[in-house]
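*Asks:* Sequence:
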Amino acid sequence: MKFLFQNQKRALQAALLIVCTLLGIAPTFAQQGFVGIQNTTRRGLLHATMNPAEISNLHRKVEVNLFSIAGNVSNDVLSFSDFLGDEEITEILFNRVDGPVNVRTDIGIMGPSVGFRVGKWGFGVTTQGFVRTDVIDFDASLGRSITTATDGQSFVESTISLTSNQRINLAAWTEFGLMAGREVFQNENHRVSVGGGIRLLMPSAYFNAGIENIQGTLRIDQNSSVITNATGRLNFNYSGVIFDESLDEFNLNALSFGSISGLGLDLGLSHEWIKDGVVKASSGFSFKGMGSLDFGANQVNHNYSMNIPSGQSFDLNQLEGSFEDIENQLLASGFFTKTSDGDYNPNLPRLLTAYTDLRLSRIFYLSLFSQFNLGNTSKNEQIAAQNIFAITPRVKFGIFEIFSPWMSTEIAGISGGLGLRAGGFFIGSNSVLTGFLNDTNQADAYVGFSFGFGR
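Heads up: the sequence shown is residues -30 to -1, 1 to 425, going by mature numbering (1 follows the signal peptide of the UniProt record, and there is no 0).
Keep in mind that the hints were calculated from the coordinates and are not lab data. Backbone N, C-alpha and C define an ideal beta-carbon position, used for all residues, glycine too. Mixed in with the good hints there might be a few duds.
Stated by the list, open to error - Label-pair ranges, simulated between beta-carbon atoms:
1) D285 / G69: 26 to 34 Å
2) K245 / G69: 43 to 51 Å
3) S194 / S229: 41 to 49 Å
4) F423 / M260: 28 to 36 Å
5) F423 / S331: 24 to 32 Å
6) K250 / V32: 25 to 33 Å
7) Q185 / F359: 33 to 41 Å
Stated by the list, open to error - In silico BS3-like pairs for lysine-lysine, Cα to Cα no more than 25 Å straight-line:
8) K90 / K250
9) K245 / K366
10) K366 / K250
11) K349 / K308
12) K31 / K250
Could you build the full structure based on these sequences and the hints that come with them?
*Replies:* Here's what the structure looks like:
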């Protein structure tokens, strides 16, 4: 409870510390990030991770991915210049908007992976790792109340009315993927393939702090933080030692990799329209992320129902010590009832993707891509994802390709970038152009290298 109310500012700073860490990594080498390169004419394993039906359409008979790395930070409040200024990020977040604040981060790494074609079949083995940290629907007015009191005002009273589930969430896991696809129909003008993939999941860490349907009055001064006439529901969920005993600092060393514990399933279909022996359009759609991470009984998942009657109050400042100490103090007050759930299984991002790549001339191409989040982001057990629509014009000169992805995401809005492919090497960003031309709410980059042989 101390973490969720009195130290909301500290909790958000901890999450933003992770965001800033990822932001520092991304420009150096940096699933959303691969959108600009996934529809290139050189079909590789990145295409197959987008749609397993593409494993039977590989550019070469054997394709090997050495590495592919993408990183993305997006939000609906902060521009890139805000991170370079002197003002505290939390102050900007709380004072700039009245509605909910959202911050999404995503790092995806594809390690050594291989795919190959045998007749009409295609098979692949992939290794991937993901780290996501998200601030979801955080109420800016609540943040202002807390920071105003801690920054010098003698007394602040605020009415809390939070209907949505506000979350600070972190998820990290690795995957070992197996996929297969097959051409099921072909004539002079059409080629159709289907495919599927199984992901063997190795959970690393999952942390969630959520407050839902909180109604009440918060009174803060220099000596106390009192909540009264309040009801609501809280969730605190973590794996490993995510925070130190006083809940003050985030422990990156807790992100250790575990054993296989969970399955994911992907299904897809692809279509090629062929005219005069040339592929004029390549299209497909896929359902991805049907599965969950299984953390087992070691995952701590505590839910608290809060009921503080009118005329009674609870001082959050009395909460001290480790999480176990704080929990005992909450329960001893009589205002909180705890329920605990074991065998916690957070859901993977559940996505529907659809795309088309059009050949307009010998050198000009245009790609359309859309991603729809099928999961309920407000649920504590759901790893977040975004809705995305992207248009990517491309110019191809032999093995060289220049492309410019333009994206619209539900969190950051519109961004535009630039990328280059030379054979199996690619580098680019989906936001570098709008970042230079105008302040943008997204920063991302990607780089990778693969090669193939055989025909």
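*Asks:* It remains to establish, for every hint, whether it holds in the given structure.
*Replies:* Hint by hint, here is what the structure shows:
1. Between D285 and G69 the CB atoms are about 30 Å apart, so this pair conforms to the stated range of 26 to 34 Å.
2. Take K245 and G69: their Cβ atoms lie about 49 Å apart, and the range 43 to 51 Å holds.
3. Look at S194 against S229: about 46 Å separates their beta carbons, and that is inside 41 to 49 Å.
4. The given range of 28 to 36 Å is respected by F423 and M260, whose C-beta atoms sit roughly 33 Å from each other.
5. The supplied range of 24 to 32 Å is met by F423 and S331, whose beta-carbon atoms lie about 29 Å from each other.
6. At about 27 Å, the beta-carbon gap between K250 and V32 stays in the expected band of 25 to 33 Å.
7. With their beta carbons about 37 Å apart, Q185 and F359 fall inside the hinted range of 33 to 41 Å.
8. Our distance criterion of 25 Å between C-alpha atoms is met by K90 and K250, whose separation comes to about 21 Å.
9. Using a Cα cut-off of 25 Å, the hinted pair K245 and K366 holds, with the two alpha carbons roughly 19 Å apart.
10. Pair hint K366 plus K250 holds up; C-alpha atoms about 14 Å apart against a cutoff of 25 Å.
11. Note on K349 and K308: the hinted pairing holds, with a Cα-Cα distance of about 18 Å set against a maximum of 25 Å.
12. Annotation: proposed proximity of K31 to K250 holds, straight-line Cα distance about 21 Å (limit 25 Å).
The structure is consistent with each of the numbered hints, conforming to all of them.
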